[in-house]
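Protein chains in written order, with my numbering: chain A, 50 to 366; chain B, 3 to 303.
Bear in mind the hints are in silico, worked out from the structure with no lab data behind them.
Please note that the accuracy of each hint is not assured.
Claimed, not checked - If you want the footprint, here are the derived chain B segments under chain A, 3+ residues with CB under 8 Å:
1) 214-226
2) 238-249
3) 263-271
All values derive from a computational prediction rather than experimental measurement.
The C-beta atom is built at its ideal place from N, Cα and C for all residues, glycine as well.
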Amino acid sequence: MRSYTLNKVVQYVIVLVATSVIIFTMVRLGPTDPVAVIVGGKQTSPETIAAIRHDFKLDRSPVEQYWIWITGMLHGDFGTSFEYRQPVGFLIKERLPVTAGIVIMSTLISVVIAIPTGVIMAVKQHSLLDTGISLVELILVSSPPFLTSILMIWMITVYAPTFSFTGTSQTFWEFVQRIFLPSLALAFSMIALNANVMKSGMVEQLHSQFYRVAKAKGLTRTKIVIRHCLRNALIPVITLLGIEIGTLLVGSVLVENVFSLAGLGSILINAVQKSDYAMVQGVTMLLVFVFMTISTALDLVYGLIDPRIRLKRGTVA
Amino acid sequence: MSLFHLRTSTKRKLKSFFTVPTIISLTVLVVIVVTAVFATQLAPHDPNAIDITAMLEEPSSTHLLGTDKDGRDLLSRLIVGSRITIISAFGVVAISAIIGIPYGLVSGYYGGLLDQILMRISDVILSFPSLLLAFIFVASFGRGIINAVVALGIVYVPMLARLTRSLVLVEKNKVYVEAAHSIGYGDWRIMLVEILPNCISTLVVQMMLDIGYAILDLSAMSFLGLGVQPPTADWGAMLEDGRIVITSAPLVALAPGFMIIITVVTLNIFGSGVQAYLDPTQRKLPSLRKFRRLVGAANVR
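The shape of chain A in the complex, shown without the other chains (with noise of 0.2 Å):
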């Protein structure tokens, strides 16, 4: 067991070091010239290039800027944007309550719909319910969550052009009703997912040795599926969500755009047009901060609950 933990966690922290690497490369491999990005086109004189580029530190070396970076990163401190002028860690703590929200309640969202769906489809395989869900599901993943957000605020201002979703929100619960679509629209794409694996975990179930003991003892259906093979069967949906995590960080950059919410989504897509990449950088390295810590978490704990998964991993890694 504790060689297990080990080697996740050593594997972890190479993993985020790598990327750090990768992302502070990447961002200056570029013909790109921050100070030209910080200025922004004004005539300048020398003098005041020479105080930018103190400023900002870009006289150092690159492997002193990453050490800087990475130390200051530990201690909370992000760096300075270059088109705002602003620590970016203050620019991303503003936004990231929407981001944040938009992840935990799609994911929220994905499961309460998901879960009895995959039941569902599992107790009925084959039947024409089953054919047909399997078919919106396909149509689910293929629609990308920026067009489903589209159609969502057109079919709003058809149908329903009271429901107030823009805007900024003063109380918790005007938060909620804001990020409420974008996170329905995330949702959808990661429903299909999240229902083919229940599905195809229950139909195992379904089939197996405990299910006929269980129904020979005279129990009812309704009664072994909830109670017996629901729990065995989430276990690969939770795996799951802990990887989607990552599809979901990206996507709700993609819908906060559509429906011009203030989260990270805004402050980094305009970074990349702007090649601010000290916003890049950071806001970046957050998201693969997040994603891995999530993954690897969830990981630690299935070697806790479930010894085959840490010997059978541990012996692989």
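Chain A is fixed; fit chain B onto it per the hints.
Below, chain B alone, put in the same frame as chain A:
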């Protein structure tokens, strides 16, 4: 075996290939590809011709699908847009195949330390949430469709490399590889001429499905303004144009959106049809593919 036998068996094989969903999806795909190839000839109007006297028009006999906010003919933009969308999706998959397949071959064939190193590198790329790496690439090298294609091509490498590697690991212990060794064939010859042809069918199916994902990802990039630059028509960029006028002229966004969904759905159905034909024991739901990709990414960590 007599000729008669041979004929019936091919016939039966073909019959199992031409199921109703496969035929329909194949027809739709052929139509889409032919439209993309002959786009400039088929488009009734110049897709970039701005006409401010005909902004956001309803569908009519001159403009079959109406016009967008600059008075450009929507149908023409849709047709011409299909070309750039499909060519760039092919480009993404081609780049990932050119790098990913040799990567996986070498990794699986040689094994050992080299394999360890190559797989750790692909782990690191996989630890970026999808599209994020492409964002960073574009931030550094600038916006534009070529940069978006290259970026996504690199992002798609690890998955294909992993698939190739897993296929090679199965194949390399088979007798024919041993035979090739004992004849004295070189490593590259064994990899490319002996092993690769035995893996290619699975790889082709995966690449076909990847084209679908590439269309989705590319349209996301163009939608965010990081891919195709105006005034060039592309389904993703057209969606962004339509988003602004969704309340007054919904068709401007709905038409490209519909095309994206149709193309990806048919690619999925056709891909899984081909897969079922090649490997009848593994009939899986099409959407499960994406799950396998995701889980493949998770298991390696």
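Here's how the hints hold up against the structure:
1. 214-226: holds (count 6)
2. 238-249: holds (count 5)
3. 263-271: holds (count 5)
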